[in-house]
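Asks: Given next are the chains, with one letter for each unit.
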Amino acid sequence: MNRIGLSVYLVLLISSILVIVMRVSGGFPLETNILALLPETEELEWVARAEAVEQSEGTNRLVILIGNPDFETARSAAEMLTTSLVDAKVLERTGRLSPSAAVKNLSAALFPYRTGLLSEGDRKLLAVDKEQVVINRALVQILSPLSLVDADLIRRDPFLLLPNFMAARQNVETKLQSRANVLAVEDNNIWYVLVSGKLIGEPFDQVVQSRTLSAFEAAEERLKTQFKGLKILKAGAVFYGERAYHQAEQEASFIGGISLLGIVVLNFLIFRSFQPLALSILAIASGVAGGLAMTLLFFGTLHLLALVFGAGLIGVAVDYSFHYVCERFQENVPPPAARAAAIRSGLTLGLVSSVLGFLTLALTPFPGLQQIALFSASGLTLAYLTVLYVFPYVDRAKPFTHGGSILSFSMVLHDFWWQTGYRKLRWVIVVLVIFAALYGATKIHIDDDVRRLQSLPADLQGEEQSIRTLTGIESETHRFFVRGPSSEDVLQTEEALGLDLEALRANGVIRGYRMISQFIPSVERQQENRALVNKTLIPHLAEHMARIGLSGYIPYQHGDQMLTLDQLAVTDIPSFLAPLLVYKTPGVVVHAVSLTGVKDSAPLAALAAKSENIELVNQAESLSRTFGTYRLKALIMLAVAYGVVWVFLSLRYGPFGAVKAMLPSIGAVVLTPPLIALTGETFTFFNAMSLMLVFAIGLDYAVFNRESIGNRKRRAMLANGLSAISTLLAFGLLAMSDTYAIHAFGFTILVGITLAYCLAPLASDLNHDTTDPL
Amino acid sequence: MLSIGRAHADPIVLADGEGLQGRFEQSRHLRGFDKPIRSTGQFFLLPKSSLIWQTERPFFTRMVIDNKGISQSVEGAEVTRLDFDKFPGLQVMRSTLENSLSGNWAPLEKLTGSKLQPTGDKWSLRFTPKSSGLTLPFAYLSFEMSDYLEKVEIVKANGDKDVITFSQQKQAPVKEILEAAQKSRERQP
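Going line by line, the protein sequences match chains A and B.
Every letter in the first sequence is one number past the one before it in the numbering used here, and letter 19, counting from 1, is 19.
Every letter in the second sequence is one number past the one before it in the numbering used here, and letter 86, counting from 1, is 86.
Note that these hints are calculated values from the structure, not bench results.
Hints are supplied without guarantee of correctness; some may be wrong.
[As the list claims (entries may be wrong)] EDC-like mimics (lysine to aspartate or glutamate), calculated; alpha carbons at most 16 angstroms apart, straight line: (1) B:Lys48 - B:Asp66; (2) A:Lys231 - A:Asp187; (3) A:Lys175 - A:Asp157; (4) B:Lys35 - A:Glu186; (5) B:Lys161 - A:Asp150; (6) B:Lys35 - A:Asp70; (7) B:Lys156 - A:Asp70; (8) B:Lys161 - A:Asp152; (9) B:Lys110 - A:Asp70; (10) B:Lys156 - A:Asp150; (11) A:Lys130 - B:Glu78; (12) A:Lys130 - B:Glu75; (13) A:Lys175 - B:Glu78; (14) A:Lys175 - B:Glu75.
[Said to hold, decoys possible] Partial pick of chain A residues on the chain B-facing surface, computed with a CB cut under 7 angstroms: (15) Leu143; (16) Gln226; (17) Lys228; (18) Leu230; (19) Ile232.
On a predicted model such as this, the values are computed, not experimentally measured, just so you know.
Backbone N, C-alpha and C fix where the C-beta goes; we use that ideal spot for every residue, glycine too.
Whenever a hint applies, use it, and build me the whole structure from the sequences.
Replies: Set out below in structure tokens:
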């Protein structure tokens, strides 16, 4: 049995190491984007897909402003920075056309179809036979000393239909102006030149992050030596990702250092030997290797939070190890194999309960939970095998001759719960805790706002805000997705939506909107427009031409051909429109409609509700909602996991006994949120996730208490106590983290594990000792 | 010693609180058109506030260029509006026109990178935007002035040309110019 156990362990460990080496050889695939923890989404498939396309477009963008009082200096520095970043394979030059050049390109592509292109205002005028206004406007524009129209245009479009169509569509979106082939803006006598492009690689890939930052910093340093007084502002998801990674790394080494030191000191104080620590490390390392390998095998990447949460199983692995080592605290110490056999029942029950619980969590369609569950379940299994089947082979230590007082001390908590002498004190403390929890329950403040959960560094946010203020590029909060079986259908839907949006704009609900059909109307709309032009304007053409001295060429001689979106080349679509063409597959076309200055989203939601082909999207709101949904789901699944574990434990303890064995874990999970609330902390998705560890570790402590009888009770209590202190040192200290998610995790563990340990003796059943080993 | 260069009187510079009014004749030479398109009318310059360009022939239109943009109206109703926010290039045109009409040549000399040149008993200045690093919809502007601005030629890259000649210029306090502008507005049909 022991040999088989050891062989299984070795095969699993070697396979795990091989999987890790293979996966990590190209760089550690650590994911730092919190959003990657979220499920594929519950939304409609087409909306989810559209969001995914947009998100990758958005997060891959890099925006840098180079400022200097002298425009030429700023321009040269911007050009040098661009070249450095392109050479370092960080930046891909996109949209080399300036917006004005792009509009010119589009105008040229639209020109042949100009009689089908009318602004809303012109359509209205022509529809009520006010064509004279359109004609007069053309005359005024032709006469103006600041006219932008030239002879060629007037000859071919004497009513100036296309220029007016285009002018009606130019919204104020940016303060940037074209100057000497770059986009620039002047503010407080400083010229800022824009460097913008697409990041090569994924912004949340650590390799990409470090390559981008080192290339950027090297270029920045060179520029600052070469040009005096340069001001450089940057924005992009890659910078946030890089900062988050480094912050996590720094905290991990600082907090990790303190906790490691604490654990070493604790081990030495209690065991007066380093061997127990070495055994614990072997169990933990095997566990982490197993967890890591399985996660990488099934998911390809490992999320930073899954690593942190998953590594929390160390709390359980260390518990297993301590139970083994504490077996040495007895007078006639049995040989290692017998000590392992003595704790097998408790370990097996603890493992199966935890694994069942985690597997239940893995049933949620939630990559974050699945990763944590898989990491924990596989890691714990390997830690279990290490303790039961490897420790007896490597354990050569002598029995402990000390420890009497430590063992007695570890029983204080047990005595508190079970000795009649403590009855009054017990009731006082229980009542106090219950009152505190009830009061705390009224203070629980749930917060799912993704913007707070992401906890972005203030300096980077400041730079981004400066860029927004300087360039006038707003952060867009809402947009519509419009779907249809063909481009023509989508354009028609947009046009109908446009009427409603125009009304909302007039009422000040939104400041503006942009949609493809504003530039490329549906064929149906073009036919209507052309009919209007033929009926109202063309009869005045000869008179109008005579008035401006134009003869010979007869303009507006066109066939019946209509402009379609599909016939436009990619280069004809300006960069401010391209992102609105979200995706197109046979049978499904999706466009976005961008909205600015949204004051109230309710009327927009009402518009979306009118058609199944229109969806209103608000990334921050929908993410917050998803976080909220999954906070709730995590809690529900936790309840389900308790149900599954209850069925399992009932087999050994009976239905009532199983409830009793689970009580410490349930108590800790239920009491933690209200007690945390007393400190003013909010309850988020991350707290809910952390309760799963409390669930597993709490079960473990309780099952060991339940399984240990006689003198072994003291050793079990000691092992639990040591395990609790180690877990608090390893994870409770994370409460000091500045990364919100990690802080929430640490704080929940701190309170939850303390409670789980304190409540664990409640699982003891002094009247029904379980003596049959498993 | 003879001084070369500014041999004759410098152009008049409007004092603070002064405006200018006068008449203009514009002929627009469009390539391939039978004849130039001519228009005549009055202008009213209220420095730092607005320039009112009132065409009376071939028909009555009024253009107001203020700090925000250009508004054109026919029969009292606005038919076009171009905001400087959307067309920043027009702002350069606006300040060029205002500075040249008010005799404020220093900023134009700075912008164009060249000095006023004496030509006969007049002055001239040429502005080529491309060589000044600006993207504007014309190839060059040339100004001719004596006491006041007398002639502007706006030449586009394709050969189209506008020639605007000014006459009957009169400087007066801004208030008077404004009143005159309002009166002339009331005369429109």
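Asks: All the hints need checking, so say for each whether the structure fits it.
Replies: Now the hints, each set against the structure:
This hinted pair checks out: Lys48 of chain B and Asp66 of chain B have alpha carbons roughly 8 angstroms apart, not beyond 16 angstroms. Of the pairs offered as hints, the one joining Lys231 of chain A and Asp187 of chain A holds, with about 12 angstroms between alpha carbons and a cut-off of 16 angstroms not exceeded. Taking the CA atoms of Lys175 of chain A and Asp157 of chain A, the gap is about 30 angstroms. The hint is violated against a cut of 16 angstroms. Distance restraint check for Lys35 of chain B and Glu186 of chain A: the Cα-Cα separation of roughly 42 angstroms exceeds the 16 angstroms cut-off, and the hinted pair is therefore not satisfied.
Simply put, Lys161 of chain B and Asp150 of chain A have alpha-carbon atoms about 9 angstroms apart, close enough for the 16 angstroms limit, and the pair holds. With a C-alpha separation of about 46 angstroms, the suggested pairing of Lys35 of chain B with Asp70 of chain A is violated against the 16 angstroms cut-off. Restraint check for Lys156 of chain B and Asp70 of chain A: not satisfied, since their Cα atoms lie roughly 29 angstroms apart, outside the 16 angstroms limit. Restraint check for Lys161 of chain B and Asp152 of chain A: the C-alpha separation of about 13 angstroms stays at or below 16 angstroms, so the hint holds.
About 15 angstroms separates the Cα atoms of Lys110 of chain B and Asp70 of chain A, which keeps this hinted pair within 16 angstroms; it holds. For the hint pairing Lys156 of chain B with Asp150 of chain A, the CA-to-CA distance comes to about 8 angstroms; that is within 16 angstroms, so the pair holds. Of the pairs offered as hints, the one joining Lys130 of chain A and Glu78 of chain B holds, with about 14 angstroms between alpha carbons and a cut-off of 16 angstroms not exceeded. Restraint check for Lys130 of chain A and Glu75 of chain B: satisfied, since their Cα atoms lie roughly 14 angstroms apart, inside the 16 angstroms limit.
With a C-alpha separation of about 26 angstroms, the suggested pairing of Lys175 of chain A with Glu78 of chain B is violated against the 16 angstroms cut-off. A C-alpha spacing of about 33 angstroms is found between Lys175 of chain A and Glu75 of chain B, which places the hinted pair above 16 angstroms, so the restraint is violated. The interface hint given for Leu143 of chain A is met, as the beta carbon of that residue sits about 5 angstroms from the closest beta carbon of chain B, less than 7 angstroms. Checking Gln226 of chain A against chain B: minimum C-beta separation of about 21 angstroms lies over 7 angstroms; hint violated.
A hinted interface residue such as Lys228 of chain A counts as satisfied when its beta carbon comes closer than 7 angstroms to some beta carbon of chain B; here the least separation is about 21 angstroms, so the hint is violated. A hinted interface residue such as Leu230 of chain A counts as satisfied when its beta carbon comes closer than 7 angstroms to some beta carbon of chain B; here the least separation is about 19 angstroms, so the hint is violated. A least Cβ separation of about 22 angstroms between Ile232 of chain A and chain B goes past the 7 angstroms threshold, and the interface hint is therefore violated.
When held up to the earlier numbered hints, the structure conflicts with 3, 4, 6, 7, 13, 14, 16, 17, 18 and 19 and fits the remainder.
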